[in-house]
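**Q** As a plain string of letters, each chain reads:
2 protein chains.
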Amino acid sequence: MISMNQIIVFRYGHRLERDKRITTHCALVGRAFSAEKMIYCGQEDPNIQKNVEGINKRFGGNFAVEYVKNWQKKLEELKKEYTIVHLTMYGLELNDFISENNKKKSTGNICIVVGSEKVPPFVYQIADYNVSVTNQPHSEVAALAICLDRLNPDYLKKSFVDKHFKNGLLCIKPNNKGKTVLPNK
Amino acid sequence: MISMNQIIVFRYGHRLERDKRITTHCALVGRAFSAEKMIYCGQEDPNIQKNVEGINKRFGGNFAVEYVKNWQKKLEELKKEYTIVHLTMYGLELNDFISENNKKKSTGNICIVVGSEKVPPFVYQIADYNVSVTNQPHSEVAALAICLDRLNPDYLKKSFVDKHFKNGLLCIKPNNKGKTVLPNK
Chain A
1 MISMNQIIVF
11 RYGHRLERDK
21 RITTHCALVG
31 RAFSAEKMIY
41 CGQEDPNIQK
51 NVEGINKRFG
61 GNFAVEYVKN
71 WQKKLEELKK
81 EYTIVHLTMY
91 GLELNDFISE
101 NNKKKSTGNI
111 CIVVGSEKVP
121 PFVYQIADYN
131 VSVTNQPHSE
141 VAALAICLDR
151 LNPDYLKKSF
161 VDKHFKNGLL
171 CIKPNNKGKT
181 VLPNK
Chain Z
186 MISMNQIIVF
196 RYGHRLERDK
206 RITTHCALVG
216 RAFSAEKMIY
226 CGQEDPNIQK
236 NVEGINKRFG
246 GNFAVEYVKN
256 WQKKLEELKK
266 EYTIVHLTMY
276 GLELNDFISE
286 NNKKKSTGNI
296 CIVVGSEKVP
306 PFVYQIADYN
316 VSVTNQPHSE
326 VAALAICLDR
336 LNPDYLKKSF
346 VDKHFKNGLL
356 CIKPNNKGKT
366 VLPNK
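Heads up: the sequence lines are chains A and Z, in that order. Note that this note's numbering numbers the first sequence so that position 67 is 67, with each residue one more than the last. Note that this note's numbering numbers the second sequence so that position 39 is 224, with each residue one more than the last.
The hints are simulated quantities; they were obtained by calculation from the structure and are not laboratory data. A couple of the hints might just be wrong.
[To be verified] Each computed BS3-like pair below joins lysine-lysine, with the alpha-carbon atoms no more than 27 Å apart: (1) Lys-50/A / Lys-289/Z; (2) Lys-69/A / Lys-362/Z; (3) Lys-173/A / Lys-57/A; (4) Lys-364/Z / Lys-80/A; (5) Lys-80/A / Lys-57/A; (6) Lys-289/Z / Lys-177/A; (7) Lys-288/Z / Lys-177/A; (8) Lys-205/Z / Lys-303/Z; (9) Lys-289/Z / Lys-80/A; (10) Lys-166/A / Lys-37/A; (11) Lys-57/A / Lys-303/Z.
[Stated by the list, open to error] Derived contacts from chain A toward chain Z, CB cut-off under 10 Å, selection only: (12) Leu-28; (13) Phe-33; (14) Tyr-82; (15) Thr-88; (16) Tyr-129; (17) Ser-139; (18) Pro-183.
Ideal Cβ placement from N, Cα and C applies to all residues, glycine included.
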């Protein structure tokens, strides 16, 4: 069993109107699949943090959202403690990265960068790995989810349902024909 | 080895302004992860089909987008030939569905339903399986991608890069530090 350290999501280039839902989906995927927080740059949007805080309150956990203006400087700082993995359709194959990563005794800290439409060369250069989840255009939300899913060393065995978010008000009991929402004990 | 039959994506309740990017991402995820087409209902939006056709032209394949007005009737028709799998945070665990499905000699045809914010009880009732990709709120785009990824019986071995879309103009060669886009041969 390898140990998992901290994973953070870095969302490059948020655009206020165009990306409001996509960036929120990136944050919620990060939260649901065990990342610690999402850092984003581009246009600042307090609603993203507000939405995520609402979800934390209802469903638990303390997933954080942080805005940075000087994103190059932030990535340079992060690179000292995190392996930078940039998800791009132009990158090397995800499976190769995952196998290499899972051979290590510790995965270390990982910062997964997902971009909006146009990601500058700086990101490709600073990344330790530029990784593709298919070489087809699709969705940064999907790419992020699949990368986080496969980074989990137990992902074939692990029950998603076991995942425990503390301090939430609500808890969902799996149901094949409707919705069962219970107060969290 | 089980045989894979047709998979289609059914996007419930498209809202013209709010969902335009999310629904397009659903279509592109369907395309990249081997579904045949996406059917959607709600507000009709010709841009979704236009965007997907542009991607098909450049990167190949013939993923189709179809709008239906009477979605209940369409789901009833589909149920005759497809197993209806509705992805919802309230559903039973994905892994249980996947293990059950992979025991079969043939997976048959599968219609994966993803909703927008509020999905009516009809969908929960008509679905053969209501399945959760975590019981946490996140993203229909992510849930769809993970379900399609795990439905692929070869998903641990299969190279995403091998995936071949015929008739595209362009083809991407995986690169660890930049973009390599070649004419498709």
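**Q** Work down the list of hints and note, for each, if the structure agrees.
**A** Quick rundown of the hints versus the structure:
The hinted pair formed by Lys-50/A and Lys-289/Z fails the criterion: a straight-line CA distance of about 45 Å is larger than 27 Å. Between Lys-69/A and Lys-362/Z, the direct Cα distance comes to roughly 24 Å. Compliance with the 27 Å bound is thereby established for this hinted pair. Our distance criterion of 27 Å between C-alpha atoms is met by Lys-173/A and Lys-57/A, whose separation comes to about 18 Å. Between Lys-364/Z and Lys-80/A the CA atoms are separated by roughly 25 Å; this keeps the pair inside 27 Å, and the hint holds.
A distance of roughly 32 Å separates the Cα atoms of Lys-80/A and Lys-57/A; the hinted pair therefore is violated under the 27 Å criterion. Proximity of Lys-289/Z to Lys-177/A is assessed by CA-CA distance (about 23 Å); at most 27 Å being required, the pair is judged to hold. Only pairs whose Cα atoms come within 27 Å are accepted, and Lys-288/Z paired with Lys-177/A is accepted, the gap being roughly 23 Å. With a C-alpha separation of about 16 Å, the suggested pairing of Lys-205/Z with Lys-303/Z holds against the 27 Å cut-off.
For the hint linking Lys-289/Z to Lys-80/A, the alpha-carbon distance of about 48 Å lies beyond 27 Å, and the restraint is violated. Distance hint between Lys-166/A and Lys-37/A is fulfilled; the C-alpha atoms sit about 16 Å from each other, no more than 27 Å. The straight-line distance between the Cα atoms of Lys-57/A and Lys-303/Z is roughly 20 Å, inside the 27 Å bound, and the hint therefore holds. Hint on Leu-28/A holds. Least Cβ distance to chain Z is approximately 4 Å, under the 10 Å limit.
At about 7 Å, the closest approach between the beta carbon of Phe-33/A and any beta carbon in chain Z falls short of 10 Å, and the interface hint on this residue holds. Among the interface hints, the one on Tyr-82/A is violated; its C-beta lies about 18 Å from the nearest C-beta in chain Z, farther than the 10 Å criterion. Hint status for Thr-88/A relative to chain Z: holds, with the closest Cβ pair at about 8 Å, below 10 Å. Given the 10 Å rule on beta carbons, the hint for Tyr-129/A holds: about 7 Å separates it from the nearest Cβ of chain Z.
Of the supplied interface hints, the one on Ser-139/A holds, with its beta-carbon coming within about 4 Å of a beta-carbon of chain Z, less than 10 Å. At about 15 Å, the closest approach between the beta carbon of Pro-183/A and any beta carbon in chain Z exceeds 10 Å, and the interface hint on this residue is violated.
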